[in-house]
Amino acid sequence: MLVILGLVAGVRVVRRTEDIGSTLTAVAVGALVTLGPLALLQSG
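Using the UniProt record's numbering, you'd call the opening residue of the sequence shown number 1 and step up by one each time.
Read the hints as simulated data drawn from the structure, not as lab findings. A virtual CB, placed ideally from N, CA and C, is assigned to each residue, including glycine. Check the hints yourself; a few may be wrong.
Derived Cβ-Cβ restraints for the label pairs, each shown as a range [claimed, not checked]: (1) Thr34 - Val14: 30 to 36 Å; (2) Gly36 - Arg12: 20 to 26 Å; (3) Gly44 - Ala9: 31 to 37 Å; (4) Gly6 - Leu41: 18 to 24 Å; (5) Leu2 - Leu24: 32 to 38 Å; (6) Val13 - Val33: 17 to 23 Å.
The whole structure should be built from the sequences, with the hints applied where relevant.
Take a look at the structure:
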């Protein structure tokens, strides 16, 4: 969860404009990075 929030905060710092696409991309990538290994462990 902290990774997701960190990516969202990072995107907002780099891109000063409020761009919902960048925010959603950061959330999606953060969720994938955070939950991906967990999902692999659960399925295995």
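Fill in: Thr34 versus Val14 beta-carbon gap, inside 30 to 36 Å or not
violated (20 Å)
Worksheet item: Taking the CB of Gly44 and the CB of Ala9, does the distance hold inside 31 to 37 Å?
Response: holds (32 Å)
Worksheet item: If you check the beta carbons of Gly6 and Leu41, does the distance land in 18 to 24 Å?
Response: holds (22 Å)
Worksheet item: Per the hint of 17 to 23 Å, is the separation of the Cβ atoms of Val13 and Val33 within bounds?
Response: At roughly 19 Å between Cβ atoms, Val33 and Val13 fall inside 17 to 23 Å, so the hint holds.
Discussion item. Range first: 32 to 38 Å. Now tell me if the beta carbons of Leu2 and Leu24 are that far apart.
Written reply: With Cβ atoms ~18 Å apart, the hint is violated.
Worksheet item: Could one say that the CB atoms of Gly36 and Arg12 fall in the range 20 to 26 Å?
Response: holds (23 Å)
Hint check: violations occur at hints 1, 5; the rest are consistent with the structure.
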